[in-house]
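Asks: Each chain, written out:
Protein chains: 4
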Amino acid sequence: MIIILKKTAKKEEIDELTKRLTDKGVIVSPVIGETMTILGLVGDTSKVSMDTIQQHHIVERVLKVQEPYKKANRKFHPDDTIVEIDGQRIGNGYFGVIAGPCSVEGEEQIISIAQRAKAAGANFLRGGAFKPRTSPYSFQGLELEGLRLLKLAKEATGLPIVTELMSTKFVDEFEADVDMIQIGARNMQNFDLLKEVGKTKTPVLLKRGLSATYEEWLMSAEYIMSEGNENVILCERGIRTFETETRNTLDIQAVPVIQKLSHLPIIIDPSHAGGSAYLVPSMSKSAVMSGANGLMVEIHHDPENAWSDGQQCLNPNEFDELMAVVKQLIAIEGKHLDAVK
Amino acid sequence: MIIILKKTAKKEEIDELTKRLTDKGVIVSPVIGETMTILGLVGDTSKVSMDTIQQHHIVERVLKVQEPYKKANRKFHPDDTIVEIDGQRIGNGYFGVIAGPCSVEGEEQIISIAQRAKAAGANFLRGGAFKPRTSPYSFQGLELEGLRLLKLAKEATGLPIVTELMSTKFVDEFEADVDMIQIGARNMQNFDLLKEVGKTKTPVLLKRGLSATYEEWLMSAEYIMSEGNENVILCERGIRTFETETRNTLDIQAVPVIQKLSHLPIIIDPSHAGGSAYLVPSMSKSAVMSGANGLMVEIHHDPENAWSDGQQCLNPNEFDELMAVVKQLIAIEGKHLDAVK
Amino acid sequence: MIIILKKTAKKEEIDELTKRLTDKGVIVSPVIGETMTILGLVGDTSKVSMDTIQQHHIVERVLKVQEPYKKANRKFHPDDTIVEIDGQRIGNGYFGVIAGPCSVEGEEQIISIAQRAKAAGANFLRGGAFKPRTSPYSFQGLELEGLRLLKLAKEATGLPIVTELMSTKFVDEFEADVDMIQIGARNMQNFDLLKEVGKTKTPVLLKRGLSATYEEWLMSAEYIMSEGNENVILCERGIRTFETETRNTLDIQAVPVIQKLSHLPIIIDPSHAGGSAYLVPSMSKSAVMSGANGLMVEIHHDPENAWSDGQQCLNPNEFDELMAVVKQLIAIEGKHLDAVK
Amino acid sequence: MIIILKKTAKKEEIDELTKRLTDKGVIVSPVIGETMTILGLVGDTSKVSMDTIQQHHIVERVLKVQEPYKKANRKFHPDDTIVEIDGQRIGNGYFGVIAGPCSVEGEEQIISIAQRAKAAGANFLRGGAFKPRTSPYSFQGLELEGLRLLKLAKEATGLPIVTELMSTKFVDEFEADVDMIQIGARNMQNFDLLKEVGKTKTPVLLKRGLSATYEEWLMSAEYIMSEGNENVILCERGIRTFETETRNTLDIQAVPVIQKLSHLPIIIDPSHAGGSAYLVPSMSKSAVMSGANGLMVEIHHDPENAWSDGQQCLNPNEFDELMAVVKQLIAIEGKHLDAVK
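Residue numbers (the working numbering), protein chains in the order written: chain A, 428 to 768; chain B, 428 to 768; chain C, 428 to 768; chain D, 428 to 768.
Please note that a few of the clues may not be correct.
You can't tell identical chains apart in this list, so a pair holds if it fits in one copy or across any two.
With a straight-line cut-off of 27 Å between C-alpha atoms, the simulated BS3-like cross-links for lysine-lysine are [unchecked claim]:
1) K754 with K768
2) K497 with K628
3) K596 with K438
4) K474 with K491
5) K446 with K578
6) K596 with K762
Rather than coming from a laboratory, the hints here were simulated on the basis of the structure.
Model the full structure from these sequences, guided by the hints.
Replies: As C-alpha cells, then:
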C-alpha cells in the first residue's frame with residue numbers, strides 16, 4: 428500500500444500517522460520529496476483499511492499495490508489449476524464443453540438433448556432446474572423434479588451434470604446429485620450462498636456478475652475458496668454495457684486477463700452473453716482461440732418451442748456443425764477434450 | 428405486444444402464426460402494408476412469450492407495449508403509496524430521513540449516534556449488523572449481536588430501525604426486531620430472499636442493483652409485492668458507470684422516472700452512491716429538490732476510526748448543518764418530516 | 428509518479444532504470460521492502476511517460492500521483508474562476524441561466540422565445556444554428572442564417588448569445604458574432620477544434636463527452652486554456668450508461684467533484700441529459716442545490732412542432748414556473764443571478 | 428413506425444393525428460383494441476419525426492421499425508462489399524492485415540518496421556502522423572513530415588498506407604498521399620470531417636467511438652456514404668465500460684452483429700482495445716474466428732522506447748509468431764489474404 432500525503436502535512440502529523448501504522452505491524456518507509464511525501468507500506472497490510480486511511484486529514488490519496496485475493500491469485504499459485512468433475516477435467520490443457528437446454532422441461536426432452544450433446548462431443552450436460560427469472564410471473568423451473576430428470580439423463584449418457592443453485596435451502600440436494608454447482612450472475616455477490624457452496628466439496632462454476640469487475644469476481648471465488656472448496660471454475664457470460672442490440676457484451680478479453688491474474692480455469696458462455704443463436708457459432712470459435720478452458724452452449728431440439736430462452740439455443744444439427752470446427756481449434760490450441768464413455 | 432413480420436412471410440405462414448396466438452387467448456389485429464406486415468396483439472398477452480415468438484422464422488422483431496410489472500405500476504395504482512413504518516410515514520407528502528453508522532460497532536456507539544441523529548431531525552436509525560463485504564477477509568458485521576444493540580438504540584430514542592438482511596436464515600429474527608428490512612444492491616435479484624421478505628408484513632427498503640435498469644428494479648419490487656407485502660420503498664444508491672473518481676454514479680433522474688412509472692416511494696442514499704463524505708451535503712440537497720421521498724445518510728461520531736466506510740460518513744455536526752438546509756427544502760417542496768417523540 | 432517493481436528485479440536492473448529516470452531530470456527515491464520495491468519519483472515528471480515505463484520488464488505497475496491538467500487544476504488556482512460574458516457573470520457566487528430553443532427556426536420564433544426567456548429571468552439565449560445530428564438525413568440547422576437571426580434576438584433583448592460551433596471553418600464568424608462558443612459533447616475530443624477556439628478570446632462552454640471521464644473533460648479544457656483562452660465553463664449534459672429509459676444519465680455528482688478538482692465554473696443541462704421535458708423541472712432544481720454555477724434549459728413556444736428535440740423542451744409558461752422556484756433556491760445557495768437590462 | 432396511443436385518446440383526436448400523418452405522405456393503419464390503440468405507419472416515413480410525434484399529447488410511445496441507415500444497410504445491399512485499396516482487398520472472402528507503429532518516429536524506424544510487417548504477411552502499413560492525444564502536452568505526431576516518411580516506407584515495401592486524419596485542413600494532402608484514411612474513435616461523430624472524407628474517393632477506415640452504439644456507428648458510415656464515398660471499412664477498437672483493468676472492452680460480438688446489419692467489412696484492432704501487448708495474440712486469433720474481415724495490429728521494433736503506446740505493441744518476432752497462426756485460421760475460415768508484391 429502506498430500513501431500519498433498532502434503538501435500541507437506537518438512533520439508531527441506524519442510521525443503520528445506513521446506510529447499508528449507501525450502499531451498495526453507494517454513497516455513504513457517514507458519518501459520525502461520537494462513536491463510530495465509518500466509513505467510506502469510493506470509487510471502484512473491486511474489489517475490496515477484503505478478506507479480508514481483515506482479519511483485521515485493529512486492523506487491525499489491511498490494506492491493499492493497488492494491484489495486482495497490470495498487463494499485465487501496466480502502470484503501465489505503459479506501453476507494452472509485443473510478441476511476434475513466426475514472424471515472429466517477442465518483447466519490447463521483440458522478443454523470442457525458443457526451443453527444442454529436452458530430449462531429441464533421433461534424426461535424425454537432432457538435425455539434426448541443429452542444424447543445429442545454427447546454425440547457431438549460435449550462432455551458435460553447443463554439444464555436449469557431452478558431458474559432465476561426477472562419476472563415473478565415467468566416459469567421458475569421444475570425445481571427438485573428437474574434435478575431428478577437430470578440424474579436420469581446422466582444415467583442414460585454418463586455426462587456429468589451442471590446446474591444452478593439459487594438458494595442455501597437446497598445445498599444438500601445439490602451436493603448429493605449435482606456434479607458441478609453453478610452460481611449464477613445475479614448471485615455472484617450473494618455471499619451467504621458462496622460460503623455455503625464453499626463448505627461442500629462439489630466443483631463450482633462461478634458466473635461473472637453483470638457489472639462485476641475482474642477483482643470482484645475473483646473476490647467471490649475467494650469467498651468459496653476461503654471456506655475450503657478450491658474447485659472453482661470461472662464463467663464469463665457477458666457484461667452490461669450501453670449497447671442494447673445484444674443482450675450483453677461478451678468480454679472476451681476476460682480470458683487472457685483472468686489467466687494472468689489467477690490460476691483458475693475460465694470458460695465462456697456465448698449463449699447468455701449475446702442472447703441470440705446467430706451469435707453463438709462465431710463467438711464459440713472466438714472463445715476457443717482466446718485461450719478459454721471451455722465452453723457452455725445452450726442447445727434445444729426445438730428452440731421455437733423452448734420454455735425459456737429459445738432464441739439463444741442452437742438446435743442439435745447446428746451444434747454438430749459447430750463442434751466439428753471447435754474440435755479443430757482445440758487441437759490448434761494444443762488442448763485436449765475428454766470424451767465421456 | 429406488436430409483432431413485425433419479415434417481408435418474405437407468406438399468407439399461410441401468417442395464418443398459422445395468428446392461429447397459434449389466438450389459441451393462447453389474445454386478439455390478433457393484422458396491419459398489412461406494402462413494406463411490412465404487423466400483428467398487433469391485444470387482450471391478455473401474459474401467456475405469450477416474447478422470446479419464443481422472436482424465434483419464429485417469419486418474425487422480424489417483437490416490440491413490447493406494456494410494462495411487465497403490475498402491482499408496482501402507476502397505471503393500475505394512480506395514487507402514491509404511503510408506507511407506514513412503526514408510526515413514521517414515507518411517500519407522497521411525507522419525507523423520511525434515515526441516518527446512522529455503516530456498521531453497528533458497540534452499544535455506546537450506536538446509542539450515541541442514534542441520539543445525535545434524532546436531535547438533528549432524522550426519523551429512522553440505520554446501522555449494519557450483517558455486512559455484505561467484497562472480501563471474505565473484511566469485517567462481516569456483529570450479526571445477531573448487532574441486532575440486539577440496534578434494539579437498545581431504539582429503546583433509547585424511539586427511532587424505528589432499518590437494517591440489511593442478507594440471508595433467508597434470519598428472516599424470523601428480522602421480522603421480530605426490525606422495523607424496515609433493507610435488501611442490499613447485491614441481493615436485488617436474489618429472488619429467493621425477495622420471496623421470503625414478501626411473505627412478511629415488514630416494510631422493505633429495496634436498494635437498486637449496481638447495474639439494474641428501472642424495469643428490473645421494479646420487477647424485483649414486484650417479486651416482494653406478488654407474495655403479499657406491498658410495503659416497498661425503493662432506494663437509489665448509485666449505479667456502475669465508466670467513471671471511477673466517484674464510487675458510483677448517483678442516478679438522480681431515477682426519482683422523476685420512478686415516480687412516473689410507479690406509485691412506490693423512492694429515497695436517495697448519497698453516502699453509498701459517491702462513497703465520499705464531501706459529496707453528501709450537495710447530493711442530499713439535490714435529492715430533496717429532485718422530489719425524492721426521503722434520504723438515507725451515513726453518520727459516525729468518529730469517521731476516521733469507523734470499522735467500515737468511514738470515508739463516506741458525516742460527523743454529527745456536519746449532519747446538523749445539513750439537516751438545517753434539508754428541512755428548509757422539504758418545506759419548499761411542500762412535504763412533511765414526521766418527528767419521533 | 429510511483430513505480431512498483433517486480434519481486435524478481437535485480438539490483439543492477441533497478442540501478443539501470445533509476446539512471447534512465449534520473450537522466451530525465453526527476454529525483455528517484457527508492458523504497459526497498461521485503462515484499463516489494465518501490466521507486467518514488469519527485470520533481471518534474473512531465474517528460475517521463477507512464478506508458479513507456481509500464482513497458483519495462485522489471486516494472487510491475489506505475490501509479491500516477493498528480494493530475495495531468497495544470498491550468499484547469501484547483502491546486503494551482505485555489506480561487507474560483509468567474510467568467511464574464513458580455514457583462515454577465517458565471518462562476519463562484521454568480522449563477523447563469525441559459526435558455527432558448529434547440530434550433531433557431533426563424534426570426535419570429537427566436538425573438539419571441541428570447542423575450543420569454545428574458546422575462547422569466549434567464550440571462551443568456553441559446554439556439555442552435557449548426558446542429559450535430561446523428562443522421563445525415565436530419566435537419567442540419569440554418570447555419571450562418573441562424574447566426575444572423577440570433578443577433579437579431581440579441582438586439583431585441585440584450586441577451587448574450589450561446590451557440591454551438593462544429594467546424595474550424597467558422598471560427599471567425601463565431602468570434603465576431605457569438606458571446607459564448609459552445610463545444611458539443613461529440614466534439615469534446617476534437618482537438619483541432621479545441622485548439623482553434625483556444626486561440627480566440629471568446630468564452631467557451633465545453634460540454635462533457637458522452638463517455639468522458641472527469642479527467643478527460645478537464646484535459647479538453649486544458650487544450651483550450653493552453654492556447655491562451657482561460658474563459659472556459661464546463662457543462663454536464665448526461666453520460667451514457669446501461670439505462671435506456673432516459674436518453675442519458677445526468678451525473679449530478681459532477682458538480683461537487685469538478686468543483687473540488689478545478690476552479691472552472693460548471694453548469695448543468697437537464698434538457699439533453701434526460702431527453703424528456705418531464706424531467707427538466709426536478710433536475711433543474713436539483714442542479715441549483717448541487718452547487719452548480721448555472722443551468723442551460725431548452726424552451727420552445729410550441730414544443731410539439733419544434734424542428735428538433737421538441738420532446739425535451741419546456742414551454743414558456745412551464746419555464747416561468749420553474750424559474751420562480753429556481754430563484755428561491757439560488758438565494759438559499761447564497762448566489763446571485765445577474766439581470767440583463 | 429408504430430405509434431401507441433394513450434387509452435384516453437378520443438376518436439376526434441385520433442382522426443386529427445391520422446390526418447396530420449397522412450398529409451406527410453404515409454399510410455396509417457389503425458389497430459383498435461380494448462386495451463390499446465395502435466397506428467401502424469407504412470410507406471415513406473422519413474419525413475415523420477419520432478421526436479415530434481412522441482411529444483403529441485395522445486401518444487403513449489413511438490416504436491421504430493426500420494433502421495435509419497440506408498446505404499450501409501444489409502437489407503438494401505444483400506451482398507458483402509469488398510473494398511479495394513491500392514490493389515489490396517478487404518471484405519467478403521478477403522482478409523486484410525494492417526500493421527505498423529503507433530506513431531511514425533523517423534525514416535529508419537518506419538521503413539524497417541514496414542519491412543518486418545510485410546515479411547510477416549501484413550498487406551497494409553499503419554503509422555500515426557497526426558496523433559489525437561488526451562493531453563495537449565503529449566507528443567502530437569510528426570504531422571506532414573510523418574506523411575512524407577510513410578510514403579518512403581510505401582516506396583520501400585509496396586504496402587498501402589493507412590493513417591489518421593484529424594482535421595478538415597489536410598483532406599487534400601491525405602487524398603493525394605494516403606491509401607486509406609482513418610477516422611479515429613474520438614472523431615466518429617465529427618460530422619464535418621465525415622462529410623469531407625465522404626467527398627473524396629479514398630477508402631475510409633471508420634473506427635467505432637468509445638461509447639457509440641452499432642446504429643450510431645453505421646449512421647456515421649452513412650454520413651460518409653451519403654456524400655458519395657461508399658468505400659467504408661468499420662473498425663472495432665474497444666468500448667468504454669466499467670472495467671478498468673483493460674483500457675477498453677473489446678466488443679467482439681460487433682463482428683457478427685455488424686455483418687448482419689450491414690454489408691460493409693469490419694476489422695478488429697486488438698491493440699487499442701485492450702491497451703496491453705499481452706492481450707494482442709489471443710484477441711487477434713479470436714478476431715479471425717469471429718468472422719472479422721481483417722486485423723489492425725501495432726508493432727514496434729523497440730516497444731520499451733516507443734514514443735507513444737509502447738505498452739500495447741508487439742515486437743516483430745512476436746508478430747511473426749502470431750501471423751503464423753493467423754494464416755492457419757484465415758484458411759479455416761475459407762478466406763484469402765492478399766500478398767503485396
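Asks: Honestly, which of those hints from before does the structure not fit?
Replies: Checked against the structure, the hints that fail are numbers 3, 5 and 6, while the rest are satisfied.
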